[in-house]
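Going down the list, the protein sequences come from chains F and U.
Heads up, the first sequence is in numbering that gives the first Met the number 0, so the first residue is 0 and it goes up one at a time.
Heads up, the second sequence is in numbering that gives the first Met the number 0, so the first residue is 0 and it goes up one at a time.
Honestly, I wouldn't trust all of these hints.
Claimed, not checked - Pairwise CB distance ranges, derived in the manner of DEER restraints:
no., chain 1, residue 1, chain 2, residue 2, range
1, U, G186, F, V127, 53 to 59 angstroms
2, U, Q185, F, G116, 53 to 59 angstroms
3, F, L151, U, E75, 29 to 35 angstroms
4, F, L151, U, T225, 54 to 60 angstroms
5, F, L215, U, E92, 39 to 45 angstroms
No wet-lab data here; the hints were simulated from the structure.
Note that CB positions come from ideal geometry on N, CA and C, so glycine has one too.
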Amino acid sequence: MWHDNLRGIYYIALKDMRTYYLKPPAISWGIVFPVAWILAFYLRSPRAFEELVPGLIAMTILFSTTAAEAVVINFELRIGSLERLLLAPITVSAVLIGKVLGGALFGFLMTALVALGSIIGLGLYVNVPYLLLVVVPSLFAFSAMGALLCVLVKEVFEAQTLANLPRFLMMFLSGVFYPISAMPWPLRYVSYLLPLTYTVDGLRHVLTSGENAVILFDSMILIMVVVVLIVPAVRLLHRRFV
Amino acid sequence: MSQDPVIEASELTKSYGDVLAVNHINFEVKKGEIFGFLGPNGAGKTTTIRMLTGLSKPTAGSAHVLGFDIYSQIAEAKRHIGVVPELSNLYDELSGLDNLIFMAQLYGVPRNQRKERAEQLLKTFRLYDRRDDAFGTFSRGMKRALTIAAALVHAPKLLFLDEPTAGLDVVAARSLRSLIADLRQQGITVFLTTHYLEEADLLCDRITILVKGRIVAVDSPEALKTSLGASLPIEVSFPEAPQKIAEELSEKLPNLRVVAVNHKVRIYGGTPVEVLDAVVRFAKEKGIGVDAVSTVRPSLEDAFIKITGLTPTVMAMEKGGRR
Chain F
0 MWHDNLRGIY YIALKDMRTY YLKPPAISWG IVFPVAWILA FYLRSPRAFE ELVPGLIAMT
60 ILFSTTAAEA VVINFELRIG SLERLLLAPI TVSAVLIGKV LGGALFGFLM TALVALGSII
120 GLGLYVNVPY LLLVVVPSLF AFSAMGALLC VLVKEVFEAQ TLANLPRFLM MFLSGVFYPI
180 SAMPWPLRYV SYLLPLTYTV DGLRHVLTSG ENAVILFDSM ILIMVVVVLI VPAVRLLHRR
240 FV
Chain U
0 MSQDPVIEAS ELTKSYGDVL AVNHINFEVK KGEIFGFLGP NGAGKTTTIR MLTGLSKPTA
60 GSAHVLGFDI YSQIAEAKRH IGVVPELSNL YDELSGLDNL IFMAQLYGVP RNQRKERAEQ
120 LLKTFRLYDR RDDAFGTFSR GMKRALTIAA ALVHAPKLLF LDEPTAGLDV VAARSLRSLI
180 ADLRQQGITV FLTTHYLEEA DLLCDRITIL VKGRIVAVDS PEALKTSLGA SLPIEVSFPE
240 APQKIAEELS EKLPNLRVVA VNHKVRIYGG TPVEVLDAVV RFAKEKGIGV DAVSTVRPSL
300 EDAFIKITGL TPTVMAMEKG GRR
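Whenever a hint applies, use it, and build me the whole structure from the sequences.
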């Protein structure tokens, strides 16, 4: 059975990449949107662009993984094709993890483009294993967040609207544009509850100090976020089929 | 034909809150047969398929599919069953060939056989010329055919077909029925739900009639028809409009059922002598002639009406009340 599930996860992710992700709307939402925001912010208050790179990579992770993830499950539930996947010898968990993997793979491609462009363009030194230690769990965390938001509601448009709330909240409160240390203390506490804070923090340390303990801590938090988001998403999806 | 049961359902029940969708049903499907599940919309046909294919948990009762328990071994059963849902729910963005290959991948068809099997099915279902076109561009009949092909890509032993011809035009429906009939030759057991009486009559070896979640009859179409016994309908042609005549005759013969069918008046119930006597008296009183009188070979529709008390109009309703 585990063999069937692994195969299902892999092919569902590949199929989602072909049908939903590698399309102009997902690519523009995943890359153009974060780049445009960062450039707008840079032009408004110019400073060393290197300081904005962690925020840029973090935003790319967030927006590319949730670009379609936050709607595909409801879309497929509506047209009945998600049910088709469940007719195969695979579990509800495998279907959901396949969907999350699809979002994470697409996010990885988009993030790789932005990260490579920034690193090469600005001549930054990066420890790649540490970079992956932050990026990979982040990709899964935000893809899982998209999946959870999707199964929380019934309609595609509801999922899209709901997904915008944490996306924009995190964009402004996770240290993407403004350092968390400069925020008023109530907002600082809110920022510590947001997973993107740990992505930005981890990336900042990868690109600057390379402080192992902080990077590992951020990575561990993000792995916990993946579990915390995937488990209820699987349960909610399962509930629709009993 | 072997008599090994492929599906065994015992007291199978599904309720949604206070609504009992499937009410303690018992039936067996034999190996190699086309088993029809006939009933109006809302009878519980799709709910039964969903329980037997693992998409919905029964509220009570038990069932075995290909010998596997649907509670504990459904994953094992899924390897050997194909399902054609009521909706043609393949992926619009993928081509016909890619949709079949994706299904082959999901079911673990060996890599070196996927394309060959998909192409073979495209040829069988006369879609090979459109193999590279996106599913979204297919006509409704072609979509239905590809959905059936997708359910066969892993060579299942048992195929569930949920309303396979619903919403299709006459030509597409006839073509699909011929393909479904061919499945029997390949040794595939077919569980077919339909609300088309003619379709069930043409295709099925045995039919179960389901009304409001309960099984009211199980038998071969021929046996169901002959169960009508002596009460064969009598058909009379009058020179006047049959609808008006049927209404008037119905008032004169309150104990019999009189309906207008295909420019004729059909009378159910009573012996032939009683009916003929009444018809001749009616014609004389009204001063009209009688063009022809004949007994009608019973149809499945007649059997259905007798067994369920429902009208064929109820059966002809599509989902959502369309006719």
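Which hints from the list above does the structure break, by number from lowest to highest? none
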